[in-house]
Amino acid sequence: MIFLKNIAKAVLPFAALSVLLQFLSARGILNPYWVQIFQLACIVAISALGLNLIYGFTGLFSLGHAAFYGVGAYTAALLTKLYVGAYGDEAVIAVGAVFLGSLLAGGFAAAFLAFLVGLPTLRLTSDYLGIATLGFGVIMKVLFDNADSLVPQLGGARGMTGIARMTGIPWAVAALVAAILVIRNLVHSTYGRALIAIREDEVAAAAMGIDTFRFKLIGFTAGCAFAGVAGGLYAHLYTFLHPSSFDFMKSFDVLMIVVLGGLGNITGTLVASFAWIFLLEGMRVALPPEYIEFRWVLIPLLLIVTMLVRPRGLFGVREFPFLRSKVYR
Amino acid sequence: MILEVQGLTRYFGGVRALDGVDFRIGRGELAGIIGPNGSGKTTLFNVITGIYRPDRGVVSLEEGEITGLPPDEIARRGIARTFQNIRLFRELTVVDNVRIAHHPHVGYGAIAALLRTGAFYREERRTREQAEEFLSIFSLQDRGKALAKNLPYGDQRKLEIARALATRPKVLLLDEPAAGMNPSEVTTLMEFILRIRERFSLTVLLIEHQMRLVMGICERLIVMDFGQVIARGLPGEIRRNRQVIEAYLGKRDDTDGGGIRKKAR
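Line order of the protein sequences matches chains A and B. This note's numbering puts the first residue of the first sequence at 1, with every later residue one more than the last. This note's numbering puts the first residue of the second sequence at 1, with every later residue one more than the last.
One thing to keep in mind: the hints can contain errors.
[Stated by the list, open to error] Subject to a maximum C-alpha distance of 30 Å in a straight line, what follows is the list of computed DSSO-like cross-link-like pairs (lysine-lysine):
1) A:K5 x B:K145
2) B:K170 x B:K145
3) B:K170 x B:K149
4) B:K145 x A:K9
5) A:K81 x A:K5
6) A:K81 x A:K250
These are calculated hints, taken from the structure and not from any lab test.
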């Protein structure tokens with residue numbers, strides 16, 4: 001069974017990485033703060049991979065990624081809040097199952113909303129999606145701000161508190177490995193080629209017998225599902241959600257990561273996500289306290305320089321070996 | 001009759017781009033469409049392949065009506081085409097450009113692709129080998145790993161035909177396949193078209209301005225002007241047809257000195 005072998009190949013790096021990180025943090029070599037930042041980087045990478053699928057591979061310009069991230073976060077947080085309390089501390093497996101289910105539900109909720117947004121807009125040319133998702137982002141922010149009047153537990157503008165801290169190294173790493181595998185295997189299959197063909201030339205793609213509307217919808221929905229799952233992990237990492245974290249301006253952060261890493265480049269998205277998070281946090285430590293806000297001067301400068309030196313993203317078209325299409329050779 | 005067009009009409013605003021076009025193409029035929037620029041030839045292709053919906057009229061393929069179907073459905077029913085301005089998937093490799101055409105026939109589902117099951121590997125190998133076979137017809141097999149955008153112009157034209165062929169069409173529509181080719185490339189292209197028609201038992205309908213190609217290989221010609229079919233027949237007949245000569249060269253005006261005056265547009 002070739003796919004069992006493939007799954008084993010995926011479990012190995014996951015196990016190695018999470019055991020190593022657990023060990024380092026248990027020994028106090030990595031302090032809890034950096035462990036948390038590492039998890040955040042994994043989460044941001046998952047969300048960015050989703051946007052890369054939408055914008056980089058399918059060529060659909062979406063400005064609502066943070067909103068889908070938020071939908072996942074609130075959905076998952078609400079579900080664990082409602083259902084985890086029923087179990088005691090010793091019911092690790094039951095709690096884990098609820099958490100997994102909540103993450104998937106978060107992904108599904110984001111995907112479902114993406115489907116609803118995509119249904120009318122993806123029949124048109126892709127510029128309309130940008131505007132529709134921008135509007136969706138604004139609407140969702142208002143909705144998050146007033147969510148407490150519908151469901152008190154969501155907290156509304158005061159923020160949602162009391163979320164259990166459940167995201168740990170194994171969860172974050174496992175989700176990231178799964179996300180990488182899904183996107184790699186999708187991209188290097190006939191489905192991925194169909195998405196890239198649509199990006200390259202929609203008219204020609206249709207002339208090849210590809211149902212372009214259907215595949216644009218699939219690409220957009222799947223990418224938003226990534227954001228939803230990432231949002232769920234985020235909620236259970238910081239245990240506090242505030243609508244301002246899912247403001248439409250936050251969509252630009254993910255967009256910058258994807259463009260910086262290179263459109264349609266998985267390696268670039270991964271490296272850019274980690275670089276982005278660690279740079280922001282690293283500067284917090286490195287810069288004297290009164291200059292911390294200079295991060296927002298340095299980061300754009302860095303962006304400009306990178307885009308001048310490497311206009312096609314950090315890695316251009318090159319990929320890490322395990323992300324290349326081996327079937328092709 | 002494999003392809004039949006009846007009363008096809010398409011307006012763009014007030015312009016009648018197609019005005020009641022009728023013709024029939026028999027199975028295995030190699031027919032050409034000629035006409036001055038702006039006479040509606042490419043619009044006709046765009047309506048047949050579903051890129052535009054006609055305002056009136058019927059298109060049928062093998063007696064089944066395909067009018068107004070979406071382009072991907074028409075492609076799956078068996079009409080493939082190339083484009084006047086080459087439309088390749090530029091950032092994909094040459095092999096993958098052809099492999100896209102196998103998409104509707106790939107024998108694995110999304111789950112198999114995500115889990116990379118045996119069926120996935122088998123089908124990927126099969127589609128790659130088939131794609132390479134199509135490339136070798138056009139002597140492009142050595143360029144398989146190159147990006148499509150890096151091919152020279154002539155090879156890009158060939159790749160586009162290879163890609164269209166790989167969709168396993170019944171009818172192949174070629175929109176100015178010889179555009180920008182030098183005389184020796186045109187000769188090779190003519191041989192290619194004849195050869196693939198034979199090998200894949202295709203029906204070919206092509207738009208072309210190069211008379212050497214049109215007169216050399218087309219068995220039947222359809223001449224368009226102002227969105228209408230103004231003549232049809234064997235190449236020899238078309239060559240002597242008064243209306244066709246007028247459409248291309250203008251009308252002989254015998255009233256004042258007999259000079260040739262370009263027909264007013």
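Which numbered hints fail: Structure breaks hint 5 only.
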